[in-house]
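Heads up: the sequence lines are chains A and B, in that order.
Position 22 of the first sequence, counted from 1, bears residue number 22 in the working numbering, the numbering being contiguous throughout.
Position 104 of the second sequence, counted from 1, bears residue number 104 in the working numbering, the numbering being contiguous throughout.
Because the hints were derived from the structure by calculation, they are not lab data.
All values derive from a computational prediction rather than experimental measurement.
Hints are not guaranteed to be accurate.
Which copy is meant is left open, because identical chains are indistinguishable; a pair holds if it fits in one copy or across any two.
Unchecked claim - Taking lysine to any residue and the SDA-like style, the derived pairs with C-alpha atoms no more than 20 angstroms apart in a straight line are:
#	residue 1	residue 2
1	Lys80	Pro222
2	Lys140	Asp158
3	Lys140	Arg90
4	Lys80	Arg90
5	Lys80	Pro13
6	Lys80	Val94
7	Lys140	Thr28
8	Lys80	Glu60
9	Lys80	Gly91
10	Lys80	Ile2
11	Lys80	Arg35
12	Lys140	Ser51
13	Lys80	Gly240
14	Lys80	Pro95
15	Lys140	Cys50
16	Lys140	Leu192
17	Lys80	Ala93
Here is how the chains run, residue by residue.
Number of protein chains: 2
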Amino acid sequence: MILVNGAVSDTVPVIDRGFAYGDGVFRTLQVRSGRPLAWRYQFRRLQHDCSAIGIACPSEAVLRNEIARVAEHERICAVKIMVTRGPGQRGYAVPRESQPARIVMSTPLPTYPTSWSETGIRARICSLRLGFQPALAGIKHLNRLENVLARQEWQDPDIAEGLLLDAESNVIGGTMTNVFMVRNDALLTPDLRRCGVSGATRDRIFDCAAAHGIACTVSDVPLNEALQADELIVANSLIGVWQVRELNDREWAPGTMTRTIRRWLDEEED
Amino acid sequence: MILVNGAVSDTVPVIDRGFAYGDGVFRTLQVRSGRPLAWRYQFRRLQHDCSAIGIACPSEAVLRNEIARVAEHERICAVKIMVTRGPGQRGYAVPRESQPARIVMSTPLPTYPTSWSETGIRARICSLRLGFQPALAGIKHLNRLENVLARQEWQDPDIAEGLLLDAESNVIGGTMTNVFMVRNDALLTPDLRRCGVSGATRDRIFDCAAAHGIACTVSDVPLNEALQADELIVANSLIGVWQVRELNDREWAPGTMTRTIRRWLDEEED
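Work the whole structure out from these sequences, hints included.
What follows is the structure, encoded as structure tokens:
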């Protein structure tokens with residue numbers, strides 16, 4: 001089910017600036033029995049991202065209501081929220097009377113082999129390098145061609161995720177995930193101030209680590225450092241966490257931190 | 001009038017990947033009495049850009065026919081062609097059976113003060129710096145948030161265009177134009193292999209310059225070099241060419257090359 005500005009619809013205007021320019025932001029979240037998981041993290045990020053590109057964010061009440069409507073008949077599903085600058089005439093200038101559009105849609109939760117959660121995934125390193133754009137870094141905006149091109153690099157269904165490097169060979173994230181490295185029982189995750197997307201699950205892991213007294217550092221992570229990690233973990237709101245079992249010629253045995261983080265996320269679902 | 005895959009419509013599916021990810025390309029052209037100007041340049045660029053991101057380009061015959069339909073009742077108008085990867089389910093992976101979508105729409109030609117053509121424009125330098133992304137550079141794709149953010153930097157209606165620099169302070173183009181510098185009666189235009197958008201008018205100017213024995217160099221153009229140019233010119237398919245009369249504290253008198261290029265473009269409209 002799809003709601004466009006609160007009305008059931010499966011279309012948007014051609015002149016919506018989300019379509020014309022990717023002028024908008026989105027979140028993807030998991031909904032169980034009508035309840036969006038980690039909602040306060042998701043909504044905080046949505047507010048932040050709307051504000052970063054100057055779009056008014058819909059109210060929490062409106063969104064909660066519409067999430068409940070699209071998920072009404074689903075025990076568990078994925079919900080995508082998109083907020084765009086709304087309709088506009090030709091040209092990049094933002095119309096003074098612009099009226100943001102919001103889209104709330106439910107889709108089935110994607111299914112993956114259970115082994116990916118249990119024993120880890122195979123990953124690859126994408127050739128595409130993320131460009132630096134500090135003005136847009138971290139924002140989950142609708143300009144996602146880099147992710148699309150990176151995801152086109154492989155067809156092998158046994159490869160669960162592709163890691164994206166920046167132009168200086170730092171690991172930034174996966175095509176659809178944030179990454180964490182474990183070293184000496186502490187966490188390390190890439191700095192996203194020049195490129196990459198900040199996921200709500202990344203924020204949750206920060207808070208959980210702090211609450212459990214585990215250090216979590218944000219910094220540049222060169223690929224060779226990532227390959228030397230004790231554990232390499234990818235995370236997002238639909239999959240939770242997966243440990244990387246195989247990347248290039250490096251293999252990892254199942255690690256304890258991945259299980260610990262999964263438990264944190266399962267415990268603190270709101 | 002808007003045609004979506006040949007049918008009159010003003011909407012596209014929410015699940016179109018053009019909306020979800022900006023996964024598509026576009027062109028904007030001028031149409032007079034049903035005839036698209038510089039069509040072979042426009043179509044060549046559209047083919048190139050579709051191919052660059054792996055989308056099948058619609059045939060020339062289909063597009064010509066739809067341009068004629070949307071422009072049928074207009075003596076002169078702008079037509080925008082968008083080609084997207086078409087509908088897709090959740091996720092960045094391109095569906096195997098993906099079916100590109102094409103949108104052909106006519107809008108009124110934007111109107112500008114006649115002085116802008118006659119005596120030149122005021123321009124500004126945008127704070128936003130374009131990020132380097134060689135995989136997407138030059139392509140007129142639907143990920144245009146950089147242009148949107150740059151265009152938001154000013155409201156003054158007397159400023160006609162904003163110049164965009166890259167992270168190394170090279171001039172790349174305007175928010176909606178390509179730029180040319182004149183020096184010693186020769187042309188110079190920025191290299192667009194790391195960022196920027198290649199317009200059809202830029203290609204036309206290359207060919208016209210060659211045909212008229214005027215040298216045209218493509219290279220990096222640091223801002224200070226651009227400010228020292230004998231003429232600074234912005235160009236696109238709707239405006240033709242405008243000379244920059246004022247930029248920062250630099251002012252230029254009307255120059256002869258701008259008029260020469262305008263004459264070239266007027267003469268060779270196909």
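These are the hints, each one checked on the structure:
no.: 1; hint: Lys80 / Pro222; result: neither (32 angstroms within a copy, 43 angstroms between copies)
no.: 2; hint: Lys140 / Asp158; result: neither (27 angstroms within a copy, 34 angstroms between copies)
no.: 3; hint: Lys140 / Arg90; result: between (24 angstroms within a copy, 15 angstroms between copies)
no.: 4; hint: Lys80 / Arg90; result: between (27 angstroms within a copy, 9 angstroms between copies)
no.: 5; hint: Lys80 / Pro13; result: both (18 angstroms within a copy, 15 angstroms between copies)
no.: 6; hint: Lys80 / Val94; result: between (25 angstroms within a copy, 18 angstroms between copies)
no.: 7; hint: Lys140 / Thr28; result: within (10 angstroms within a copy, 27 angstroms between copies)
no.: 8; hint: Lys80 / Glu60; result: within (15 angstroms within a copy, 36 angstroms between copies)
no.: 9; hint: Lys80 / Gly91; result: between (27 angstroms within a copy, 11 angstroms between copies)
no.: 10; hint: Lys80 / Ile2; result: within (9 angstroms within a copy, 28 angstroms between copies)
no.: 11; hint: Lys80 / Arg35; result: within (14 angstroms within a copy, 42 angstroms between copies)
no.: 12; hint: Lys140 / Ser51; result: within (12 angstroms within a copy, 26 angstroms between copies)
no.: 13; hint: Lys80 / Gly240; result: within (16 angstroms within a copy, 42 angstroms between copies)
no.: 14; hint: Lys80 / Pro95; result: between (26 angstroms within a copy, 19 angstroms between copies)
no.: 15; hint: Lys140 / Cys50; result: within (9 angstroms within a copy, 25 angstroms between copies)
no.: 16; hint: Lys140 / Leu192; result: within (12 angstroms within a copy, 26 angstroms between copies)
no.: 17; hint: Lys80 / Ala93; result: between (27 angstroms within a copy, 17 angstroms between copies)
Of the numbered hints stated above, those contradicted by the structure are hints 1, 2, listed in ascending order.
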